[in-house]
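Residue numbers (our numbering), protein chains in the order written: chain A, 1 to 694; chain Y, 1 to 235.
Treat each hint with caution, since some may be false.
[Claimed, not checked] Below 30 Å or equal to it, Euclidean Cα-Cα: the simulated BS3-like pairs (lysine-lysine) are: (1) A:Lys539 to A:Lys486; (2) A:Lys153 to Y:Lys68; (3) A:Lys685 to A:Lys542; (4) Y:Lys68 to A:Lys125; (5) A:Lys690 to A:Lys547; (6) A:Lys125 to A:Lys7; (7) A:Lys547 to A:Lys429; (8) A:Lys542 to A:Lys591; (9) A:Lys153 to Y:Lys114; (10) A:Lys673 to A:Lys684; (11) Y:Lys114 to A:Lys154; (12) A:Lys347 to A:Lys335; (13) A:Lys591 to A:Lys684; (14) A:Lys673 to Y:Lys68; (15) A:Lys673 to A:Lys486; (16) A:Lys293 to A:Lys125; (17) A:Lys495 to A:Lys539; (18) Y:Lys68 to A:Lys154; (19) A:Lys153 to A:Lys263; (20) A:Lys673 to Y:Lys55; (21) A:Lys153 to A:Lys183.
Calculated directly from the structure, the hints in this document are not laboratory data. Note that the structure is a prediction, hence the values are computed from the model and not measured.
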Amino acid sequence: MDDRIQKVRNIGISAHIDSGKTTLTERILYYTDRIHAIHDVKGKDGVGATMDAMELERERGITIASAATYCEWKGHQINIIDTPGHVDFTIEVERALRVLDGAVLVLCAVGGVQSQSMTVDQQMKRYNVPCIAFINKCDRSGADPDRVIAQLKKKLGHNAVTMQIPIGLEADFEGIIDLVTMKAIYFDGPNGEIIRTEDIPEAYMDTAQAQREALIDSASMFSDDLMEAALEEQVTEELLIAAVRNGALARELTPVFIGSAYKNKGVQPLLDAVSHYLPCPADVVNHALDMEKDEATMVLETNPDMPVVALAFKLEDGPFGQLTYIRVYQGTLAKGTAVINVRDGKKIKIGRLVRMHADQMEDIDQIRAGYIGTLFGIDCASGDTFVSPGLSVTMTSMFVPNPVISLAITPANNSSLVKMSKALNRFTKEDPTFRTYVNNETRETIVEGMGELHLEVYVERMRREYDVELSTSAPRVSYRETITRKADFDYIHKKQTGGSGQFGRVGGYMEPSPDEDFIFENNVTGGAIPTQFIPACEKGFKACLAKGPKMEFSVTGIKIVISDGASHSVDSSDMAFQAAARGAFLQAYAKAAPVIHEPIMRVVVETPTEFQGVVMGSLNQRRGMIVGTQEDGPLCAIEAQIPLAEMFGYTTVLRSLTQGQAQFTMEFAVYRKVPQSVAEELIKKREDNKRQVA
Amino acid sequence: MLKNDLMVKNPLRGLVNDTNTLLAKGEFGAILARAGVGKTAFIVQIALSGLLQHKNVLHVSLDEPVQKVSLWYEEVFRRFAESYGPTPVQHLWETILTHRFIMTFQVEDFSVSKLAERVSDLTEQAIFFPQIILIDGLSFSEPPTEILNALRPLARQWGVGVWFTARIHRPEATDAVGSPKPPDAIIDLFETAIQLDPDDNRVHVRILKGPRAKTEHAGLLLDPSTMLIMDKSVQ
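Bound-form chain Y, shown alone (with noise of 0.2 Å):
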């Protein structure tokens, strides 16, 4: 009941698109926001979401360890499962952990041909077959061309859709509230690029390209508390 409700109220339902999920198969998403916005907890919701489906979720950390990433779920599941009511949530927790696998890789350690390794590991023994992917802290100073490039065709040949979080910089010479529109070299390489945009008390996820770029701005915020996807109209 709790899980039909959880799905029925989320957010990111406003964001899906004909195939009822938020990637197709083989596409590239990315959170673009500046340092401690809330991309990963964006991304987290993502995920959560996916799992409420019952989607394998892999979520590729490249500098947060194992338990960091974990407290992150029990932190926005507890949230998110409370902003619905005083329900226990255990159980259902418990059931969707098992569609859950965090890697963590050092930022300097990590190529598309170590995690299709660890993926193949997985995948062989019949440990796990991930249905989604989130990479997050992946570093996109420079656009990180040849890692996208080397995992697209893995992308396609796993079935999976993949999210990543992207650090935007805020141009030194402004100080305006708000952030800048992330340069096209960056969104070209996504299907689906969504930025989280600052402002006094609020952060609002804008659609810059996607399925459902052109329709308004997804009608979402990020309540700066809780961390939370929210709609606007809920507000």
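Chain A extracted, bound-state conformation (with noise of 0.2 Å):
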């Protein structure tokens, strides 16, 4: 195997919102001479911190677009994808763990293991992606990374080792203990850059020794030189490590690492875990599919000398053009070499390639597989495979939710339309989760999105980023519509009124199909209807689904089965079955008792035990049906299901019945019945509207 790429890490930094990802983040880089002084997320002295590019992320404290860097420590190569925390960006997330080897999952001593930490861990085990644990914060009072371990274990059913013990907790935490080396590290000058190393504290020792040997233990599983050596008495450092690697790679082992990114202690030995127990680009099996076997699935090899396979998973728009971050899979993505888009069939001649460190660059000439790289002025989007010519291969596809709530909105004028229409295109090839289009009826731009925060972001973006001015509507939910009992249908369209006429009967029946959007079955005997009329039934049903007859709302969730008609030899046409499938729709929807479905949230909120009656109380009264209520020390978890619709506003809510304490995050469950009384409001709503339109 190339020995460069052993040396190569591609890891993410994924955890729960406020967990201190991009603090750490900014400490990696520093420690790494790739930045050269320090900023807070929240930075006082107006600069913030190097990862969050984005004014927005800086102002917010938060990290949105997960920007790409890259640094070096101790001869390995690391490209560090910094992940968005808030579950609104969650295909961020996806994205980001799709093009990772490794993660380090950062988790916080006081908060534990909360809500979006299960996401993202559920998100790195459907992406097969090995971890290690970062227990970040030990210097806050309250800080318990026992209970953390003890969490991880429990809530997220990992198999965590503890690699590292503190000394000292809270105000009083100075250092770690290594139990590899068996060695307390302790972590000076003024950002904590001088290492210094001691024996262990004879207060520690015990404790020390006693975790080391439930460290062996569980790593022994994945060695048996290990197990040997444990018997003998005779446990190297290299064979510990070896071991803990098999089980890391093996995602059957997570190393738990702990320190403070804040107080700069522990990043330096996060970094050394980071080349020890996360895997380079060849210990990992990629997958592609090969078009021309009918979307086999065949396996990449992280070879610099084959064609090549990458897959685009970011776009930016930068100062200079678009840039579109890229992975090389296989083979090496040259300048100045052609590529093709295996989406639309383009080819694509490489001009500048760079290696981006947060929002400064610099240039290279290759990216060879394994790499993380960014193209230049390729027009692409997120989720493009690229190939050498001549193969047909795409990496599989990515699992992408559907919106759950719209907004319309409008530009204040002529040049902002012309600026917003350019960021939306932009935004729309970023994000799939984040979609446009344009109300045929009322003439408005509708931009749809995962969650009130994921479009209130792209909102203020397009006003700082592309100084476009542009008012909102409140936001409106996805309702859609569908039946709940099957239905017949009979019917004839026929028009006479000169010329060529126009003649199609169809007859079947509709009834709800639980699991899928739409079907449509032919059952057809006889040619009742001649073959070539059936696609234009199908489309003309079809047709009927985006704007359902009761309340306009898209209809899904049917089944068609046709089984009977009639044509005529002159007067048939694609037209005309078009016509009378619409025809049929309508006469059978009324029938088949539609009702009017909403998207409902899985609401968690995380509070100090002492809310937990005001917060019950105030998912209640919207509409929500509390699952449970977990008590978890000095916090508490309630879990609910509450209609989306009833959730605008509640983040101020919450924080005013908390102190601001509390936190909830949000992400779509299942869509459900609206109540009787809730459609009712509706009707009377949608009408109101109409007779304003009017």
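Combine the two chains into a complex, taking the hints into account.
Structure (structure tokens):
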């Protein structure tokens, strides 16, 4: 294997919002000499952390777009993708995990394993990303790494092993004891850059020895050599590291490290851990779909001499044009070579190649298999696969959820309209969960997304980055219509008003289809409807789905079966059968007991126990069904299912109820029928709107 | 229709008392078994049987997170419904869910006063009024007399029957199949005590104490493959 590739790590830093990912990344960049001063996330110095490149992120103290950056540590080349912590931006996290080989799961020593950590962990499982855990904020009051490790085991089911123990905790947090080298490590100097290694203090010796025993016990399950050495009491550092690495790569062991990025403690040992325990690109098996073999799965080889297969995983609009973040899985992407975009078959010549460091860059000549880099001036969408000419494979498509919330946006003037469409074009390419369309009736531009904050951020970005003046409507929930019982149709479309006539008859039934959005089944026998008109029938039915007859919401969960019909040798046409299908749809739909469905969100509120009662009250008022409460020390998590329509503005309510101490995450769970009273209200509102428009 | 079917065919109906419930208000019941025999599956079926009658069930778990407890319910309900035919059950499931509330505590943090505080949070705001309480995971290595004594007046006040799962241990000296009879000190704490007793390929449901204790062994089994309760006569 190429020696260089063994020294490459593509890692992500994933965690719950506010557990200190960006601060940690900032420290990593400082210790690896990529930056020469440290700035805080919500910096008083007005500079902000290097990874939070967007102005908006700096202001809100959250990471939105995952910036990719590159650094070197003791001969290892590390590519870091800083991932967003808010659940509304989950697609970013998922995309980042798709291109990573390993991840650092950052946990807060006080908050522990929170709901977002669970979501992130599930994503890591889905993409089989090995990880190590870093328990941050050990200097905070209430820090309890042991509790967090217990939660890692219990809540996330990790086989977590302690690799370090703290010397002091909270305000007395001084340093750490490394259980592999059995040394105490202190971090001196103004920014913790001077590492002082000493013997373990007497008071910690017994604990350290007991914990090391436990570590060896767990690790020996992954290495026979270590087991033998343990029996002979001759465990070496190399053996122990190799065994833990084996376990971590198989995702059967999660080594846990501790520290406080803010206080500059524990970051350098974490970098050592990244090189020791996370995989190099060649350790990971990546798959692609072979388009020529009916999308059969094929294994890609991390070999720079083979034909290129690369994935564009993120787009950014920089000051010099579009930047495309790309991960090369096979072959070498070199300046001046040509590749094909598999999605549209277009040939692209590779111009400038750079390596990104947040918003600064460095020119390079090639990106070899296993590396991450950035292309300049390539027109593509995120998720596109680039391959060498002659190859026809695509990387596995990523799971993209449907949006649940929409907003109408209106530009203030013509110049804003131009800028807005430019911005929307960019955003929809960058983020597949963000969609846009023009409502044909109201002529309004509608944007759709995964949550209130998701849309809010894009609207803000339009204002700031693209200088668009715009107004927005109140967010609207994406309701849907569906039917609840079977209904027959038998409709004749007949028109004879001069010229050639139109004739088509379709008969059959519609019924609910809980698992599929739309199923069309053709059971016509004996040529009652000639075969060439069947697609026209399907088209006619499909056309009715976009706008349901009941409330004009899109119709889903419906199965149409046509079993009978009639045609005319002269007057029947595609057009006539499309019209007949539309008539048949309307005829049966009213009889099929249509209902309105609304998106129900899974909401998890994490709050100090003393606010549990009021928080439950606030959830209950929102037509919520509280599934359960989970007490865990001083904190409590309340899980509920609540209609999205009731969740607008909940952030503010929760903040005032709990003195700002609670937080919540929200993700789409299921579509469910709206209660009768709400349905009536919706119908009334729609009629009012119609009257206003008229 | 499905709901009626499920209720009529519910094998637990053989255990009901004169008031058509498994436990009268203020009474305690226990499911006793060794580890891994199916206590949680059994208690979830008691809960589902109550939920199908629109009774509000408060499930208190001392060692599983909310999501895992929910999974137990989903799984048992799905198997339960599947065993009666392929009728769609989604609607019924959503209806009964509104009658269930899961509360989880760390074993070491659990106390009756904490539970009382949480229940009053729910009742005072009219969020949830429990009619059956299940407590899963309480340690019975020593009889938890203190907890039960503190809980009894509250159970009467709330008007609920409370079910517990209790893990019993096989005496070290014996390798015999099946479980020993649990100590009287534990059985005495409850009005109804049901023991799950595994043999080679079946789990027998034995009623040690309660209104039906004298009438044979209720004729019930726990199917080890599905963990569903079934009538012996059906087998």
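Do the hints match the structure? See the list:
| no. | hint | verdict |
| --- | --- | --- |
| 1 | A:Lys539 to A:Lys486 | 21 Å, holds |
| 2 | A:Lys153 to Y:Lys68 | 14 Å, holds |
| 3 | A:Lys685 to A:Lys542 | 27 Å, holds |
| 4 | Y:Lys68 to A:Lys125 | 17 Å, holds |
| 5 | A:Lys690 to A:Lys547 | 15 Å, holds |
| 6 | A:Lys125 to A:Lys7 | 24 Å, holds |
| 7 | A:Lys547 to A:Lys429 | 26 Å, holds |
| 8 | A:Lys542 to A:Lys591 | 18 Å, holds |
| 9 | A:Lys153 to Y:Lys114 | 25 Å, holds |
| 10 | A:Lys673 to A:Lys684 | 17 Å, holds |
| 11 | Y:Lys114 to A:Lys154 | 22 Å, holds |
| 12 | A:Lys347 to A:Lys335 | 14 Å, holds |
| 13 | A:Lys591 to A:Lys684 | 21 Å, holds |
| 14 | A:Lys673 to Y:Lys68 | 26 Å, holds |
| 15 | A:Lys673 to A:Lys486 | 17 Å, holds |
| 16 | A:Lys293 to A:Lys125 | 28 Å, holds |
| 17 | A:Lys495 to A:Lys539 | 20 Å, holds |
| 18 | Y:Lys68 to A:Lys154 | 11 Å, holds |
| 19 | A:Lys153 to A:Lys263 | 27 Å, holds |
| 20 | A:Lys673 to Y:Lys55 | 23 Å, holds |
| 21 | A:Lys153 to A:Lys183 | 26 Å, holds |
Every hint from the earlier list agrees with this structure, and none is contradicted.
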